[in-house]
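Kindly generate the complete structure, drawing on both the sequences and the hints.
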Amino acid sequence: MIEISTNKQKLDIQLIHNYLSNESYWAKGRSLETVQRSIENSLCFGVYHENRQLGFARVITDYAVFAWLLDVFILPEYQGKGYGKKLVKAIITHPDLQGLRRWGLGTDDAHELYKQFGFTSLQKPENMMEILNKTRI
1 MIEISTNKQK LDIQLIHNYL SNESYWAKGR SLETVQRSIE NSLCFGVYHE
51 NRQLGFARVI TDYAVFAWLL DVFILPEYQG KGYGKKLVKA IITHPDLQGL
101 RRWGLGTDDA HELYKQFGFT SLQKPENMME ILNKTRI
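For the sequence shown, this note's numbering gives the first residue as 1, with consecutive numbering after it.
Among the clues, some could well be false.
Listed below are the simulated DSS-like cross-link pairs for lysine-lysine, each with C-alpha atoms no more than 30 Å apart in a straight line [unchecked claim]:
id: 1; residue 1: 115; residue 2: 89
id: 2; residue 1: 81; residue 2: 115
id: 3; residue 1: 85; residue 2: 124
id: 4; residue 1: 115; residue 2: 28
id: 5; residue 1: 10; residue 2: 89
id: 6; residue 1: 85; residue 2: 115
id: 7; residue 1: 8; residue 2: 134
id: 8; residue 1: 8; residue 2: 115
id: 9; residue 1: 8; residue 2: 28
id: 10; residue 1: 28; residue 2: 85
id: 11; residue 1: 10; residue 2: 28
id: 12; residue 1: 28; residue 2: 86
id: 13; residue 1: 10; residue 2: 81
id: 14; residue 1: 124; residue 2: 8
id: 15; residue 1: 134; residue 2: 115
id: 16; residue 1: 124; residue 2: 134
id: 17; residue 1: 10; residue 2: 124
id: 18; residue 1: 89; residue 2: 8
id: 19; residue 1: 124; residue 2: 81
id: 20; residue 1: 81; residue 2: 8
id: 21; residue 1: 134; residue 2: 28
id: 22; residue 1: 28; residue 2: 89
id: 23; residue 1: 86; residue 2: 115
id: 24; residue 1: 85; residue 2: 10
id: 25; residue 1: 10; residue 2: 86
id: 26; residue 1: 124; residue 2: 89
FYI, nobody ran anything at the bench for these hints, they're computed from the structure.
Structure follows, in structure tokens:
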């Protein structure tokens, strides 16, 4: 049995930083300071089994119109057991995130996971723009 919690006091910051900075494809080299600041300013979800953290995700949101899901991971030794699906379901159904007009995320390899929860490709990608600061991770 796993527990999914938004209690930031339970988060293992070192574990999160290690995974993001050393194992993820999207945040290689991310500093501990950046990880800490991102956690402070996000709605965070920790996944736990017997009080050991085995996954993480965070949401950036205004709690009214928009949410962006990011930094989602389950440690490799726990993957393939449905924990990622439980995590995404807990996020999408979280009471504070209901009624939002739009959710967003970016992924290189987990499209099928997110499609199960209603995510699709952008309907109008030509409307989307970004500033990508390559000096910051």
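Numbers of unmet hints, in rising order | 14, 17, 19
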